[in-house]
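Engineer: Here is what each chain is made of, one letter per residue.
There are 4 protein chains.
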Amino acid sequence: MKKIPVGILGATGAVGQRFIQLLDNHPWFEITHLYASERSAGQLYRDATTWRMDTTLPETTAKLRVEICEVDEMTPKLVFSALDSSVATEVEASFAKNGAAVVSNSKNYRMDPLVPLVVSEINPEQLELITTQKKQNDSSGFIVTNPNCTTIGLSMVLAPLYEKYGLEKVSVVSLQASSGAGYPGVPSLDLIDNVVPYISDEEDKIITEPCKILGETTNGSVTPADIAIDATSTRVGLRDGHIEVVSLSFANAKPSHKEIRETLERFSGLPQQLNLPSAPKNPIEYCIDPARPQPALDRMRGGGMTVTVGRLRESKLFDVTLTLLVHNTIRGAAGAAILNAELLHQQGYVD
Amino acid sequence: MKKIPVGILGATGAVGQRFIQLLDNHPWFEITHLYASERSAGQLYRDATTWRMDTTLPETTAKLRVEICEVDEMTPKLVFSALDSSVATEVEASFAKNGAAVVSNSKNYRMDPLVPLVVSEINPEQLELITTQKKQNDSSGFIVTNPNCTTIGLSMVLAPLYEKYGLEKVSVVSLQASSGAGYPGVPSLDLIDNVVPYISDEEDKIITEPCKILGETTNGSVTPADIAIDATSTRVGLRDGHIEVVSLSFANAKPSHKEIRETLERFSGLPQQLNLPSAPKNPIEYCIDPARPQPALDRMRGGGMTVTVGRLRESKLFDVTLTLLVHNTIRGAAGAAILNAELLHQQGYVD
Amino acid sequence: MKKIPVGILGATGAVGQRFIQLLDNHPWFEITHLYASERSAGQLYRDATTWRMDTTLPETTAKLRVEICEVDEMTPKLVFSALDSSVATEVEASFAKNGAAVVSNSKNYRMDPLVPLVVSEINPEQLELITTQKKQNDSSGFIVTNPNCTTIGLSMVLAPLYEKYGLEKVSVVSLQASSGAGYPGVPSLDLIDNVVPYISDEEDKIITEPCKILGETTNGSVTPADIAIDATSTRVGLRDGHIEVVSLSFANAKPSHKEIRETLERFSGLPQQLNLPSAPKNPIEYCIDPARPQPALDRMRGGGMTVTVGRLRESKLFDVTLTLLVHNTIRGAAGAAILNAELLHQQGYVD
Amino acid sequence: MKKIPVGILGATGAVGQRFIQLLDNHPWFEITHLYASERSAGQLYRDATTWRMDTTLPETTAKLRVEICEVDEMTPKLVFSALDSSVATEVEASFAKNGAAVVSNSKNYRMDPLVPLVVSEINPEQLELITTQKKQNDSSGFIVTNPNCTTIGLSMVLAPLYEKYGLEKVSVVSLQASSGAGYPGVPSLDLIDNVVPYISDEEDKIITEPCKILGETTNGSVTPADIAIDATSTRVGLRDGHIEVVSLSFANAKPSHKEIRETLERFSGLPQQLNLPSAPKNPIEYCIDPARPQPALDRMRGGGMTVTVGRLRESKLFDVTLTLLVHNTIRGAAGAAILNAELLHQQGYVD
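Chains as they are written, first to last, in my numbering: chain A, 53 to 403; chain B, 53 to 403; chain C, 53 to 403; chain D, 53 to 403.
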């Protein structure tokens, strides 16, 4: 079987590198085009960037020549976007307009009413928006987005609970890894023997994106879920893996801790049903040890695609409190987008 | 003026060392006795412990001979306790019974109805309990405690708000420093590129102690304040300084952010009035920069005795959210106890 | 093909866990016995230890019952030892005496004249000592050791240079990872915003072991290589991966940097020839970027079995200086032992 | 007594902030002028920079208005330079030409034959060059420099040994703190669970600067000391404090370890004799504990101006090996410059 050629927009950045790492030896997709800024264009990929993943740069990708982010007749029909938000709006639109399926990790179109904001296990039905989007833009191309890294971990845990018990309110405090800010990103003096209690432009995404993800899709539009979410984001000295302390109150039921845990552990979606290549066997795993999940020990479960939960317990102010861990650059970024693309392919949106 | 001789129980541990550091050149107190376990007893202090403070071990203390934790006719009338909770119950009681004022950082007697749990700026009136305690124990000695490190930071911020606006509910998520667990304490493999989402035996203290501190003292007993507190504690790769993300709802009023900030910044107590040696000029300072307070940059304000607050803002689920920072081994431990002792001296409980 | 049953001595410690992780799905070996101290004996492995590897504890191993370190008729013929040096002398001897091939990572027998100290790529001929050892001990069992973690990285680089150009003197300064001290190991307060400039009992091994490894084996005894080695070990805030800054002077030739680099990159041994399961394709890889090798990015090359070298350059006081990186708990411990066992099996010492 | 007005060139950067911190309440000097790039000029200092020292920004400095780096009739006669090397050449020359004493931490003029490269305790006689420099430039102003941060720590230790025993060769491997690269400086992903084995443009300074410092000044020119120095610099996850592992061989004598230690501990210079405000009582202190010096515990000795030495011991390849620690932004930068200025004032070069 011939593999589907794919391109990567923003290939030289941290998320771009993660895309390349995760797509190495992918059974369906094959990287044929790498796009970056003018500064890098024209160079071999291995010369255009300092490879900083913890596996070797795949030889075939190393030798690809980087191109500027412009469409031509050679542009693959599927491109992943790891573009900086300062340029994503225009570039992604132009690729979509010219017939490409743009599977984007950028924030720019996430809240656009025509653009699906999808976590493959949770809301594949939101891909319906693609039909309207194509029609509206009169193009065979389209944009599909995945949420912010912290939002993904949170939504994975909220989704099965919301479906079964309803959710009224959710409070999140996150301890986020340095890689979330890319490279060079956060200065080392900010994180050696230190914590930065603020991440610019982060909390808003955590408050709004889950409501779209958990919303109802009818007639080509999404009615957001009505959940009151509060979020505080902090940055700590971690390479990868966001920890989130989550307190929540249910809307329709008061499940026991045992029921909640079972609901989480049984959570499974279309990716698992379809046995998609990047789908983890268990989207959520629960840790009994109260000192877990820990980023260094648990972030790579399910190849970085499993969200780990622990410390489910009583709360005086909410129904329950729990702690979750999500690998922010795999499940929270490149891995989520690749899983979305796999789903798009299986569902016939990309061939 | 002759200085008051003081002893330190548990002098070789991390908090014991901090006591010694902070009492160096103290205008009123002079360390004359150091107490530790049998293993250390009989040795010169400098041989009995590896000094791990970031200032030099004072020469006079270095040469003191460590004694076992037993009372005799030479025992000073004022002792600070940095004892491990496994031995504090018995030792502190025996020192108090034999006429010593025991100013303790240990948790053992904090919730005892006869023992004051005092933060000098907040509830000096709880020292009244001493009278009942002495009578009950038929002794001129007594025990006074200061709260847990995380509790102190929290209580400092809650106190002026509680007094002025009432408090209904408080939610805290803490990012705590390694030094809180003493030395050797937390293994480095737990905190390099990692977070531990749990601290054994910590959250309970944060939930209960503030209610006693903010309670009302009448007729020799404390009626705890009725505030619903929720707490989650995590351990991060920091040397010193606990960060707390606090959300709260008021009981009696809905002050504006401006009013809240003014209330916090104007907070001041008896230590400031009496100009006690260890009293910071500002018990609370507010940071306008949303990326502050940061442990590495702000924990030493007011010599480590000032609590720093930032990020006061709207919350969807509470009235407001804010972030605070407290130096856990100065304001949160040894410094708090020394300030309590200074207050005891000024108030005539110790002479 | 039926797999060879193997036991692990010291299975609950950090190196023991690494053995279990690396032996999961091993094509030749299958863990059937786990040995630890009396405290753990009798429990299921999953209850006897807190699993701290970054992959999941294999189900079959999790359910094995831990035994005390004693030999009986069920003892497998091949055991790996991750024993603490305080008990290794006696336990390893008793297992060897009772017919087991003990492949040990412990230091106790490394310098014993009858015991091979082997890095599979470098000195497989030292396995000859086994014959004498068996005879001497009148047993079919025997002990084979691999060197200290820092020594292995160093020896891998010295070996091809020594063979080709001779070595007169070698100076090493190492920046070592926390995992080298096991768990709990180094306190976090020692490594947050800190360096410990000393590792007890380490430098001596780096000075003596390479000379035995590079020595000549004739008639059942090893004549150590005559190389003057100086070593300073420091501990830094790393999880895994020792960095070594190495300066050296050759004895017989003055190769160019190009020749040296080629000699290193071409280095290959019996494990590569025999295509042993744990043998990395490239025992040594060279980095052109002067800012490499970096532990976080390069330690997992070759599955953690490849030693990475960089910064080969002029020295004013030696012939050349270079920097190397070795994964201390894979190539530097459990992985090295497993590779030795694979070689023993292939060479007919274990079946 | 009226204080001497001083200016700071490059006041908004990390070293500039350190100058301001250390000059707060200085008995002789008073900051009256702050210079920075055009971007900051015109703003109040507190608005022009994010203050990142661990003490509060002094009120009077906070309110100073930042100026561009140009000379006018108000320019103070003494300016400290913390300028980036990209602009220091021109700016420092223009200030000197216009009559200012420029006490610079920048590297640009360090190796200039007319410019003193001075560590106040070691080579105050090199200030003689000022006379020639002034004549040559026909100006009452001049430039005086202090060495690179790593060089200073090294030179402090070499100086008394060189004077007494001569030095033939010196090998240095440094573990350097993040602050050496300023702010934002080193990305956090480079130092979390990582080491960078290379610091661009650093090793050369360590090799050449000590020879000028220890050189002989005669007739207005310096003959560098003839010592063969080798250096390897690495960057580790530290806020402040460079560790240096130093091996050395003497030229004229073979002192015992006891003699060496005494020579180091007795080292004292003009700053101690003159009791200069920033002079530490002990320029060098020796630690008996082999696990010291440690940056977190020892870097602030002598207010950050004392160099700490430990682990003096045998070497197989040199005469001895030792480990030293220097606070890189105090003794290694701003503090060194201020001490130089104090010496200049005492010696009549600045009034």
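Just so you know, the hints here were simulated from the structure itself, not pulled from any lab data. Wrong hints could be hidden among the right ones.
Just so you know, same-sequence chains aren't split out, so a pair can sit in one copy or run between any two.
Taking lysine-lysine and the DSBU-like style, the derived pairs with C-alpha atoms no more than 30 angstroms apart in a straight line are [unchecked claim]: (1) LYS187 / LYS115; (2) LYS216 / LYS306; (3) LYS310 / LYS115; (4) LYS368 / LYS310; (5) LYS159 / LYS368; (6) LYS333 / LYS115; (7) LYS257 / LYS159; (8) LYS186 / LYS115; (9) LYS149 / LYS221; (10) LYS216 / LYS159; (11) LYS333 / LYS54; (12) LYS368 / LYS129; (13) LYS55 / LYS186; (14) LYS221 / LYS115; (15) LYS333 / LYS216; (16) LYS368 / LYS306; (17) LYS129 / LYS306; (18) LYS186 / LYS159; (19) LYS221 / LYS129; (20) LYS187 / LYS257.
Engineer: From the Cα coordinates, with 30 angstroms as the cut-off, is the pair LYS221 and LYS115 best called within, between, both, or neither?
Structural biologist: neither (50 angstroms within a copy, 41 angstroms between copies)
Engineer: Is the C-alpha distance from LYS149 to LYS221 at most 30 angstroms within one copy, between copies, in both cases, or in neither?
Structural biologist: neither (39 angstroms within a copy, 52 angstroms between copies)
Engineer: When no copy is named, should LYS187 and LYS115 be tagged within, between, both, or neither for a Cα gap of at most 30 angstroms?
Structural biologist: neither (38 angstroms within a copy, 57 angstroms between copies)
Engineer: For LYS333 and LYS54, with the copy left unspecified, which applies at a CA distance of at most 30 angstroms: within, between, both, or neither?
Structural biologist: Result: close both inside a copy and across copies, 26 angstroms intra and 29 angstroms inter.
Engineer: For LYS310 vs LYS115, is the C-alpha pair at or below 30 angstroms within one copy, between two copies, both, or neither?
Structural biologist: between (52 angstroms within a copy, 24 angstroms between copies)
Engineer: Could you figure out if LYS159 and LYS368 sit no more than 30 angstroms apart (CA to CA) within one copy, between two copies, both or neither?
Structural biologist: between (35 angstroms within a copy, 23 angstroms between copies)
Engineer: Up to 30 angstroms between alpha-carbons, please classify LYS186 paired with LYS159: within, between, both or neither.
Structural biologist: Within one copy, since 20 angstroms is at most 30 angstroms while 60 angstroms is not.
Engineer: Can you tell me if LYS368 and LYS310 fall within 30 angstroms by alpha carbon in one copy, between copies, both or neither?
Structural biologist: Both: 18 angstroms inside a chain and 29 angstroms across chains, each within 30 angstroms.
Engineer: How would you label the pair LYS129, LYS306 (within, between, both, or neither) given a Cα cut-off of 30 angstroms?
Structural biologist: Answer is neither: 47 angstroms inside a copy and 56 angstroms across each miss the 30 angstroms cutoff.
Engineer: Please work out whether the CA atoms of LYS221 and LYS129 approach to 30 angstroms or closer within one copy, between two copies, in both situations, or in neither?
Structural biologist: neither (41 angstroms within a copy, 54 angstroms between copies)
Engineer: At most 30 angstroms between C-alpha atoms: does LYS187 with LYS257 qualify within a copy, between copies, both, or neither?
Structural biologist: Only inside one copy: LYS187 and LYS257 sit 28 angstroms apart there, 60 angstroms across copies, limit 30 angstroms.
Engineer: Can you give me the call for LYS216 and LYS306, within, between, both or neither, at a CA distance of at most 30 angstroms?
Structural biologist: The answer is within: 10 angstroms in one copy meets 30 angstroms, while 35 angstroms across copies does not.
When held up to the earlier numbered hints, the structure conflicts with 1, 8, 9, 12, 14, 17, 19 and fits the remainder.
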